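Chemist: Next come the chains, spelled out residue by residue.
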Amino acid sequence: MSLATREAFNGFRRSPVLSVLSIMTIAFSLYAFGLFGLVALNIRAALAQVEDRVEIRAFVADGTTAEATSTAAGDIGAFPEVQSVTFVTSEEALERARKDLGEFSDVFEAGILPASLDVQLKPGFRDPATVKAVADRLKTYDFADDVRYGEEWVQKLYRIRNIATLAGIVLGLAFAGVAVIIIGSTIRMAVLARAREIAIMRLVGATDGFIRSPFLIDGAVKGTLGGVLALALTWVSFSLITRFVITAQFFDVRLVIAGVAAGAVLGFIGSALSVSRHLRNV
Amino acid sequence: MIRFTRVTKEFPRTGVALREVSFHVARGEFVFLTGPSGAGKSTILKLCYLDARPDAGEVRVAGTSSVAIRGNDVPKLRRKLGVIFQNFRLLEDRTVEANIGFALEVTGAPADSIAPKVARLLTQVGLASKATAFPSELSGGEQQRVAIARALANDPVLVIADEPTGNLDERATRGVFQLLRDINAAGTTIVMATHDLDLVKRANCRTLELNHGSLVFDSGAAMLAGAPLAEGST
Ligand SMILES: Nc1ncnc2c1ncn2[C@@H]1O[C@H](COP(=O)(O)OP(=O)(O)OP(=O)(O)O)[C@@H](O)[C@H]1O
Ligand SMILES: [Mg+2]
Chain X
1 MSLATREAFN GFRRSPVLSV LSIMTIAFSL YAFGLFGLVA LNIRAALAQV
51 EDRVEIRAFV ADGTTAEATS TAAGDIGAFP EVQSVTFVTS EEALERARKD
101 LGEFSDVFEA GILPASLDVQ LKPGFRDPAT VKAVADRLKT YDFADDVRYG
151 EEWVQKLYRI RNIATLAGIV LGLAFAGVAV IIIGSTIRMA VLARAREIAI
201 MRLVGATDGF IRSPFLIDGA VKGTLGGVLA LALTWVSFSL ITRFVITAQF
251 FDVRLVIAGV AAGAVLGFIG SALSVSRHLR NV
Chain R
1001 MIRFTRVTKE FPRTGVALRE VSFHVARGEF VFLTGPSGAG KSTILKLCYL
1051 DARPDAGEVR VAGTSSVAIR GNDVPKLRRK LGVIFQNFRL LEDRTVEANI
1101 GFALEVTGAP ADSIAPKVAR LLTQVGLASK ATAFPSELSG GEQQRVAIAR
1151 ALANDPVLVI ADEPTGNLDE RATRGVFQLL RDINAAGTTI VMATHDLDLV
1201 KRANCRTLEL NHGSLVFDSG AAMLAGAPLA EGST
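Those protein sequences? They're chains X and R, same order as listed.
Quick note on numbering: the first sequence equals residues 1 to 282 in our numbering.
Quick note on numbering: the second sequence equals residues 1001 to 1234 in our numbering.
Simulated from the structure, these hints should not be mistaken for laboratory data.
Some hints could be false.
Every beta carbon over 10 Å from chain R, so not counted as near; a handful from chain X, in silico [as the list claims (entries may be wrong)]:
| id | residue |
| --- | --- |
| 1 | A46 |
| 2 | F59 |
| 3 | T89 |
| 4 | T207 |
| 5 | L216 |
| 6 | T224 |
One-sided and incomplete, this derived list gives chain R residues near chain X with beta-carbon spacing under 8 Å [as the list claims (entries may be wrong)]:
| id | residue |
| --- | --- |
| 7 | N1087 |
| 8 | R1089 |
| 9 | A1103 |
Bear in mind the structure is a predicted one, so any value in this text is a computation, not a measurement.
Every residue gets a Cβ at the ideal spot worked out from N, C-alpha and C, and that includes glycine.
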């Protein structure tokens, strides 16, 4: 293996520009994943807090009997998505509004606010789609005057998160593709530069795996360096954002290690994809 | 050691290089392969070290058959062979000992066994004093000895030599040929392609003659058949 490792590092000396380019594209690929991943991660953390408070409020129409309301409440409580149903009387609603609004509490007169059934959903059923589905089902009940749910900004947050995730994946994959291409041409140069050696290795009975291994190690090392560079870039961006824009959370250690490992894998795959093809031609 | 059975080899642009060639080389033999340029000598040797596969027929070398090759059979076979060429094929940017050590290293020899083995090989080919020289600092004959040392690195049972003296003068030719004879005397089978008919005549070894891709003369078969050696065809 020492020979393979030595040869792998010779690759850097032989084509420094392409090597640096390979490392940088891998870094940009992972940086794109990292940056948008960070956005998605933080939105998710925010959403997790918001989701705890997600509830659907079905306002009870005037003139609905108490029996009808409690039958409906029992009915709704049996929905698989529903955790609890609370009946809030008109007076309680007023009390709550007063508390929320503090000094403006005077503006409310008893009877202005309707009674409602407040429906809490089980964890895992608090995403916009499910909330909407349950709300729509509540609307079909006769007692329901109006159904309110999920403030629109929850949906906005979800949309931002999805866009960030998608943008990260698209940009990351684009850079990964470029990285694979550049690694491919690096390998081509390295194979050509070593054509004589490779021919002699074959002649004396070196296995294909042995001949391939320096190129794969080369790729994995470049990928790891790219991963570390991406980590540094992401960290700097994160620090700037935390300092000047908003406090946020960073990836945990496991994700950081996974990110650098992803770089190694990307470099390795980039090499593996092209090395056999180019070796066939020498 | 080598058995060709009705071997045909065709190349896309140049057509048939070998046509239904059959012969057998036993363990321990020294065999010359002769014939005019383009007759197919190098092609036969390439088939022997599986650098080429026959289009029809079967090549068996040192227990490996061309019709049943799997996985690492080719490298495994090559570790049992030594191959040398007219143009030496040394790595110019490495010393003599590094060139020989390379062959050991890439076939997975233990690191601490390499240096003593290289020293022994260099002594065997008479180049112990040139271990740290670069190929460009050696004469043609010396370079070919380095190539032979490299070919012997894995203790081959068969040495395949494609015009090993083609680039050498008379004296160097005799030296290299004597080295090959010594290796043969120690038990290694040798097949050597050559243009040098003087050498062939003087050596009195079995000779296979090719012409236009066909085997036209086999002195071994001729002797077995009781035919006079001088008559050259079919
Ligand atoms: N790789 C190849 N591609 C196409 N044709 C080839 C190839 N190798 C050999 N040939 C053809 O096969 C025929 C035999 O070639 P070969 O090299 O075996 O001849 P040779 O007897 O070794 O000649 P020489 O004495 O000049 O070395 C030639 O006609 C040559 O053009
Ligand atoms: Mg030839």
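Chemist: Does each hint fit the structure? Answer for all of them.
Modeler: Right, here's what the structure says about each hint:
Listed as outside the interface, X:A46 is consistent with that label: its C-beta sits roughly 55 Å from the nearest C-beta of chain R, beyond the 10 Å cut-off. With a cut of 10 Å on Cβ distances, X:F59 stays outside the contact zone with chain R, its closest approach being about 74 Å. No Cβ of chain R approaches the Cβ of X:T89 within 10 Å, the least distance being about 80 Å, so the stated non-interface status holds. With a least CB separation of 5 Å from chain R, X:T207 falls inside the 10 Å interface cut-off, contrary to its annotation.
Every beta carbon of chain R lies more than 10 Å from that of X:L216, the smallest distance being close to 16 Å; the non-interface claim holds. At roughly 25 Å from the closest C-beta of chain R, the C-beta of X:T224 stays outside 10 Å, upholding its exclusion from the interface. Checking R:N1087 against chain X by beta carbon gives a least distance of about 11 Å; that is not within 8 Å, so the hint is violated. Here the hint on R:R1089 is kept, as its CB sits about 6 Å from the closest CB of chain X, short of 8 Å.
Satisfaction of the interface hint for R:A1103 is found here, the shortest Cβ-Cβ separation to chain X being roughly 4 Å, below the 8 Å cut-off.
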